[in-house]
Amino acid sequence: MKGIYKCKINNYHRIGDDLYLLSLRLSGRVAVKPGQFFMLRVREGSEPLLGRPLSWFRYFPNRRILEFAFQVMGKGTEILSRRREGGDLSIIGPLGNGFETKGLRGRVLLVAGGMGMAGLWSLAEALGRNPNCAVELVWGVKSKSRFFLLKELSKRFKVHPATEDGSLGKAGLATELVKELIDQEGLPEHIFACGPKPMLKSLSKPALSKKIPGQVLYEERMACGVGACLGCAVPASGGGYLHACLDGPALRFDQIDWERVRC
Amino acid sequence: MKGIYKCKINNYHRIGDDLYLLSLRLSGRVAVKPGQFFMLRVREGSEPLLGRPLSWFRYFPNRRILEFAFQVMGKGTEILSRRREGGDLSIIGPLGNGFETKGLRGRVLLVAGGMGMAGLWSLAEALGRNPNCAVELVWGVKSKSRFFLLKELSKRFKVHPATEDGSLGKAGLATELVKELIDQEGLPEHIFACGPKPMLKSLSKPALSKKIPGQVLYEERMACGVGACLGCAVPASGGGYLHACLDGPALRFDQIDWERVRC
Amino acid sequence: MLSLETRIGRLVLKNPIILASGTCGYGDGYRDFFPAGQMGAVVTKGISLKPRAGNAPPRIWETAGGMLNSIGLENVGVDKFISEKLPLLRKQKARVVVNIFGERREDYAKLAERLGKEDGINALELNLSCPNVKKGGLEFGRDGRSVKQIVWAVKSRSGLPVWVKLSASRSDPAELARWAEEAGAEAVVISNTLRGMAIELEKKRPALGGITGGLSGPAIKPVALAAVYEAARAVRIPVIGCGGICSGRDALEFLLAGARAVELGTAVMANPRAPLEILRKIKDYLSGLGLQSIEQWIGTLKPE
Amino acid sequence: MLSLETRIGRLVLKNPIILASGTCGYGDGYRDFFPAGQMGAVVTKGISLKPRAGNAPPRIWETAGGMLNSIGLENVGVDKFISEKLPLLRKQKARVVVNIFGERREDYAKLAERLGKEDGINALELNLSCPNVKKGGLEFGRDGRSVKQIVWAVKSRSGLPVWVKLSASRSDPAELARWAEEAGAEAVVISNTLRGMAIELEKKRPALGGITGGLSGPAIKPVALAAVYEAARAVRIPVIGCGGICSGRDALEFLLAGARAVELGTAVMANPRAPLEILRKIKDYLSGLGLQSIEQWIGTLKPE
Ligand SMILES: Cc1cc2nc3c(=O)[nH]c(=O)nc-3n(C[C@H](O)[C@H](O)[C@H](O)COP(=O)(O)OP(=O)(O)OC[C@H]3O[C@@H](n4cnc5c(N)ncnc54)[C@H](O)[C@@H]3O)c2cc1C
Ligand SMILES: Cc1cc2nc3c(=O)[nH]c(=O)nc-3n(C[C@H](O)[C@H](O)[C@H](O)COP(=O)(O)OP(=O)(O)OC[C@H]3O[C@@H](n4cnc5c(N)ncnc54)[C@H](O)[C@@H]3O)c2cc1C
Ligand SMILES: Cc1cc2nc3c(=O)[nH]c(=O)nc-3n(C[C@H](O)[C@H](O)[C@H](O)COP(=O)(O)O)c2cc1C
Ligand SMILES: Cc1cc2nc3c(=O)[nH]c(=O)nc-3n(C[C@H](O)[C@H](O)[C@H](O)COP(=O)(O)O)c2cc1C
Ligand code: FES
Ligand code: FES
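Residue numbers (the working numbering), protein chains in the order written: chain A, 3 to 265; chain B, 3 to 265; chain C, 152 to 455; chain D, 152 to 455.
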């Protein structure tokens, strides 16, 4: 159930350029679904005011360890990156709907842009345990220093890496690689994607025109994270808005009016 | 000359309950007078916005070491107390007028309330070097854990300590001790005082009525510290206001309209 | 035993903590974290005659010590509110205040008429101060005569206690509070957000989809506090303080300045435990002073 | 080579950085830290006909992301300003703007007449928005007709360019800017501080000697930015942005929103190096974009 958890910071790992793996020890158990997230309270004094939404990354129920992987982007994540081990951290969650994976079978393509991999990791692990699914990943980043735990991932899944500067794997964008893959190997049964909005938007075109069922983890600025402020609006295909923290963050491609998505 | 000095934090010492001695290494030399102060920039993000005024405590020109002694009172000093050795710190100064000590001779009484000792330390040292002066100190604090470097001070000067809870020295206020001293040993030639406003105000009564020449180090909230904002108003005996950062912080008892001093 | 009861016109609140409009959904947005019934009252998201989709995202932007929002009064409209949201609220055992908003003056009267017929509503709060919509809201809230007309219409059509929510942005809340009082409002709520804006430098565009938005949070606390202090001296009806209240100390300051209750917005979004923490702190502080009742604290700021 | 020159009515400033009134003494408060002549202009502390003692201390109080001041327009009066302060200013090779303040409308006209006769003054800035005095200031600044009258009187009596300083506190600066324009003002400065208040809880008293004060600093930046954006669309005369500008990025945002120059107040008090750092950042940023002139940046926010 949604709740406020006071956690101890178990440890920190730098896992790449400005990339951190934060491991928290919870006071109790929590039931989490891939695609759900937590609001982390990083406040020192009156800044930053709001919590920071992060997808949960890995969860070890027996040890009550919940992990987050994050990139330093601004003030909040910067503060988070220099909190001390052993310190306290309040988190709120699990929030949002999580990915829909019932009845999933066949070839499933996971497309991550940059830090978007943090949002897909738990999904990959879950699908990896599903004997009916063949999981394949496309992961595009700016430059190879932005990959994290790539080796570990590659051991367990078929991963297609791409870098914009060509420093590792295919040179170019994740979306270009997806197009190639589809051309070569046909349509997957399902696509899951997480990454910057331009990537999701560009992915929505083939997904919708070729009618590939798919879901995205949609990141929008949030104040409450619990559906109370209507801040996290996502243009809905039927007109009006969905709310990322309540209806999402996992949304089907066809739920979103991509025309109105501002990048 | 007034300037902005980028300093290295040389080291920190805890010198008592919530009391710290901060030692900075300057990039160049600076000419400082007892009673002058610096504005320390403790800002992290946009808070706290303003610099914090602190009297310089000790200065070692050869090693380019400038020291401050401070008590943790709020946000700014709290941040200051956990800055790391080796880190940078910007300070602005020396600011204010400094004490007038020309022609001083005879028995000189220094009266410190709590952390006010930080503002009188450099004066005591200077007067101690003056063969015409006999320096005596009255130092009152809440409880003995609020004294700092008392042993060192007592070795060099005649110190009369007082504590409100009676844990060391005379039980009571510094001002009560001053009255006793005057009753027993007669009027001093000059009084210098630094401490909370109620102490200064109460000291002003005998000082003015008995016509003992004297100066106080007057602490007022400051924004600029350089005379540019008129924020640090001190009720002037002639009407209107003086400005602590420009006309002071060292002011003669008779310059101040103590009636209008809010405590 | 300390009594925290505070009277707002006809309404007695068991304590002075109110969840502010738009930051707690339809009053029940934090049901997973604490029972709304522990609050003095909850205020719903602003309700309009017709459903509103709200403004284009982004709708949230952080600023120094505060945040901007440009929700644009997205809401389900009064019909759906009555059929779907109100039943849940009635169950919560909280004092329920419905915040209403109109583009035209008549809208307020129509909303009053609809809502006046429903059970389980303890007061109506008129949003005359929203900076996030083109028409209505702030416009009416800047003109005393409009305030008076609207209050009068809502009061007579609904029979419910009327609270008027004003802003310290671009209008003088103390002055407008006088008009509201004259028209029979039972309380004024001060302040709504302040009109504000942020820019995404690299993209050379306004940060918010709605271009401008409303500033809330600690940054506006001094502005709200001054307005509350002045309004409490200008009118005899209760003033409810709102704006940047994040701690028990903040709340105690507003009460000291003359507010008879306080609304919490941003603080709750940042920390769902804030309302209970603030309530506890108020209790401890006032008990520590040996007071019997919060009445002995409200408005007791020394004049000097 | 990038040109930072910006034209404010009849006046050409060599760059868009101006030291704001009341935060740099009589324009020369930072002479120990940088030559005022490096700024586009300096604005003096508000000058009145008679000397003013100002408000009782404390006059400064920090708040979340900002600060309150209640200086109460302490100043030496126009006579002493002319005899003692102006000669120093003339030496500084800076564009000199004298900020003036009156309790009655006629005061502005009289000040204009006195100052119009002096050399070394490049413009008069009318403070019609000070929240820190009982009479005058903010009162006039809330009423369009008064603004118009005062501007007209000052303009005709002094012959100097007139800048009008407005506040986003309790009035609509864009609306008032229109009145100022009509009366022949050559610029509007937006915004002055916002009226605010703080309380010392333990002592149960207002934190400031003047009870209420003016809020400045980063906390008010979004409010000032919105007002500048709107005013720049409402009038054709230059808008000068002011309020919480602390970094080069902040300044670039105000320029983007349509300000032709910016005034720095709190930032300079917090860090005397701020003006030069901000100037450098603007240069680097605009050069980095390959611009030739700051004109190519001003007001180019994407509309959407
Ligand atoms: C559901 C969800 C899951 C996320 N999961 C992860 C994750 O697992 N790992 C990770 O590194 N990042 C994740 N993000 C993005 C992460 O929330 C932002 O990078 C972070 O909030 C930036 O905060 P900051 O203070 O460092 O940056 P600033 O730019 O200083 O933040 C300013 C404000 O903007 C908001 N903001 C900035 N970027 C984003 C963004 N992309 N999405 C939403 N709000 C944003 C902040 O929360 C804050 O309110 C997720 C976002 C969402 C909405
Ligand atoms: C000329 C001068 C010399 C000083 N010398 C010393 C010294 O050597 N050692 C020492 O421990 N303290 C000294 N002080 C007091 C010191 O400046 C304050 O304790 C400190 O500013 C508190 O900051 P804060 O952020 O911790 O407290 P907060 O209460 O959070 O500060 C809030 C605001 O109030 C101001 N403020 C709070 N207390 C005072 C005060 N007593 N005087 C002026 N401004 C205040 C702060 O500067 C800040 O702007 C001196 C003050 C002045 C004016
Ligand atoms: C996201 C958000 C939505 C809001 N929606 C409304 C609303 O619908 N009606 C209203 O009167 N006020 C609304 N407000 C204003 C708040 O109720 C409150 O007056 C304001 O945020 C200041 O208080 P705070 O600083 O405690 O948040 C909203 C504020 C926020 C932040
Ligand atoms: C200490 C102080 C004194 C001020 N005095 C004046 C004044 O005399 N006249 C005036 O027009 N504005 C005065 N102001 C307002 C500033 O010029 C400026 O408009 C305001 O502080 C907002 O800008 P900032 O956030 O950059 O400080 C004063 C502000 C401060 C902080
Ligand atoms: S963040 Fe508040 S509703 Fe989604
Ligand atoms: S602190 Fe600005 S004049 Fe003294």
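To be clear, the hints were calculated from the coordinates, so they are not data collected in a lab. Positions of the beta carbon are idealized from the N, C-alpha and C atoms, including for glycine. Each hint should be verified, as a subset may be incorrect.
[Claimed, not checked] Just a few of them, taken from the derived set where beta-carbon distance is under 7 angstroms, the chain C residues facing chain D:
1. Ile-233
2. Leu-352
3. Leu-376
Quiz item: Checking against the hints above, which ones are violated?
Solution: The structure conflicts with hint 1 only, although it agrees with all the remaining ones.
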